[in-house]
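Asker: Single-letter residue listing:
There are 2 protein chains.
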Amino acid sequence: MRATLMYGADDVRVEDVADPKIHQPTDAVVRIVLSCICGSDLWPYKSLAPTDRPRQMGHEFLGVVEETGSEVRSLRPGDVVVAPFVYSDNTCAYCREGLQTSCVHGGQWGLNGVDGGQGQATRVPHADGTLVKLPVGEDSELLPDLLTLSDVLCTGYHAALTAGVRPGDSVTVIGDGAVGLGAVISAKLLGAEQIILMGRHQVRTDLGRDFGATDVVADRGEEGIARVRELTGGEGTRRVLECVGLKDAIVQSFGVVRAGGTISRVGAPQYPEVPFGFGDFLRNITLTGGVAPARAYIEELMPHILDGSIHPGRVFDRTLSLESIADGYRAMNERTNLKVAVRP
Amino acid sequence: MRATLMYGADDVRVEDVADPKIHQPTDAVVRIVLSCICGSDLWPYKSLAPTDRPRQMGHEFLGVVEETGSEVRSLRPGDVVVAPFVYSDNTCAYCREGLQTSCVHGGQWGLNGVDGGQGQATRVPHADGTLVKLPVGEDSELLPDLLTLSDVLCTGYHAALTAGVRPGDSVTVIGDGAVGLGAVISAKLLGAEQIILMGRHQVRTDLGRDFGATDVVADRGEEGIARVRELTGGEGTRRVLECVGLKDAIVQSFGVVRAGGTISRVGAPQYPEVPFGFGDFLRNITLTGGVAPARAYIEELMPHILDGSIHPGRVFDRTLSLESIADGYRAMNERTNLKVAVRP
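Chains as they are written, first to last, in the working numbering: chain D, 1 to 344; chain B, 345 to 688.
Errors might be hidden in some of the hints.
[To be verified] Covered stretches of chain B (in silico footprint by chain D; criterion: 3 or more residues with CB under 8 Å from a CB of chain D, positions within the stretch not fixed): (1) 456-466; (2) 507-519.
[Said to hold, decoys possible] Result set (EDC-like, lysine to aspartate or glutamate): computed pairs, CA atoms no more than 20 Å apart in a straight line: (3) D:K247 x D:E273; (4) D:K247 x B:E617; (5) D:K188 x D:D210; (6) B:K591 x D:E273; (7) D:K133 x D:E66; (8) B:K365 x B:D433.
Read the hints as simulated data drawn from the structure, not as lab findings.
Bear in mind that the values here come from a model prediction, so they are computed numbers and not experimental data.
Think of the CB as a built atom: it goes at the ideal place given N, C-alpha and C, for glycine as much as any other residue.
The shape of chain D in the complex, shown without the other chains:
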């Protein structure tokens, strides 16, 4: 089959790899119908040292079950399914607590004999635990919306939920990428009254307004902080959803959070230390979040997509064939596209 391989920074190729097969009785093989490129795929795209042992890319996908192992109970060939961005057994102590990213049997796509999502098919370990059946056909117009359950919508939801967003709350969302936009949708779902979106790409912040942002702040740094404070009676917002991962973004988060408030960080931190000393200790700030256990939220969020009340799939502003995926990496890296979907 064909799959996306990264040989180094700026070097993405589509090549032939071995067809996936059942290895364990708990495996399934899924033919991929729709996949996409993640903001986190851009980190190696910017920095990976050239290698002749390429990475198999992609961790967001939905597709059709082709084959199941002998112990798979809940799925059968022909089922349309979505996968979260890590696999998990969904039965261990961590999974039962809703922390499937810490599953004792879990792992990442594209490693250790498991294919990535940016290809024609993949073996899915712990298929009963990992995959969630979608009540639509593989030609459904809802597929782009449903694909966001794989990562960006659930990641935005994790930010909003762990930040403790409640009806009537004031929320700042930092970052107008797909996760930030998913966080806007999620803050609104949880009843936030004021949602301030910090971002400077007008196409994206306009989409953010459609999704529920009540204010947009394009300024950064001290000016951005001052603007958010102006919008909140000088105090900042009770919840801050940090959807970027750069040090500037976490510094900004502390600047816009109200005393007693919570910052939830779902942008993978590209820095080892958080500036969080005596001043913010005196203000009783909480820092929470982390990598989102998407699997925990898929069933909860899916109904909002199926009934048409949210359209997170609008974050996809381009769809490419698998053979053209390198164009998608380039476009996302140059920020000419927000998020690129891929049809194998």
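Guided by the hints, dock chain B onto chain D, whose structure is given.
Answerer: For chain B alone, kept in the frame of chain D given last:
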């Protein structure tokens, strides 16, 4: 009256200062019956540059109301009262949320014309909001226990509460000082099943066992982390109460916290940045806590003292007269005493 003044590191003197008087109609004047030295008083004791404008010390005290301003409604002369370690109006938006440390009219003892607690008397701003009446006489044997409501018990409770300690939880308490011991009492009050106390002063950790610690770990660093993991099936505890404030202690906290767990930090951080990068992001660790709004917890914790079910006053291992307070600073700094009470 006599009061404790700090002129620099290692230079504590008891001298005459002006008697406190009512300045505002919301003030009260309190004659101090029992006070004490705080671990945080040792920071300037170690480091304050010599000055001829000394600091008036002390922020934990109980006493008797001598005089009230014309707008004070809930108190009258003769009432025995305890004060939290900052004053607050207890009516602003932050106070109503239980964050009296962020009170818009609040402030610190010993500054801006308000006396410190280590003296014979003090003016109490916002007396109705700040002071809590004690249903005991000024000769009660419970005074040392009740004095811990001023700071150390409430600070330990803030750690346990914000960490989310629930019945059956596993908890690590880092630090065997008076706050750490208050955290042990608090974790037990909230129903923790396993309470691991990390500390190396056996007299203190023995008291910790009396207060409810189920295990004591004297090792530090990697050995200490390994030992806590051994005691918790390799996983660490769900809650970590960091009651020290040094960088080593926060590093240790991340080492002993279980994936998905919460660290609450109530030791005032003596470092500007927290080592909290990608690894602990992947484990979904939360960092919360901050300076404790003691005022929020006094009424809640007092009944446990009055009915004799907890004895937090056991943290006082020495009582001195005010004139001898410098000996108390020296002893606490040299760790020959855990916490020193002072009778003016």
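Asker: Going straight from one Cα to the other, do D:K247 and D:E273 come out at no more than 20 Å?
Answerer: Holds, at about 9 Å.
Asker: Within a Cα-Cα threshold of 20 Å, do B:K591 and D:E273 meet the stated pairing?
Answerer: With Cα atoms ~12 Å apart, B:K591 and D:E273 stay inside 20 Å; holds.
Asker: If you look at each residue in the region 507-519 of chain B, do at least three have a Cβ nearer than 8 Å to any Cβ of chain D?
Answerer: violated (count 0)
Asker: Quickly compare the C-alpha distance for D:K247 and B:E617 to 20 Å and report which way the hint goes.
Answerer: holds (12 Å)
Asker: Does B:D433 sit within 20 Å of B:K365, going by the straight-line distance between their CA atoms?
Answerer: holds (19 Å)
Asker: Would the pair D:K188 and D:D210 pass a check requiring their Cα atoms to be no farther apart than 20 Å?
Answerer: Satisfied, since the Cα-Cα distance of roughly 11 Å is no more than 20 Å.
Asker: Does the region 456-466 of chain B contain three or more residues whose Cβ lies closer than 8 Å to a Cβ of chain D?
Answerer: violated (count 0)
Asker: CA of D:K133 to CA of D:E66, is that 20 Å or under?
Answerer: holds (13 Å)
The structure fails to meet hints 1, 2 from the earlier list, while all remaining hints are met.
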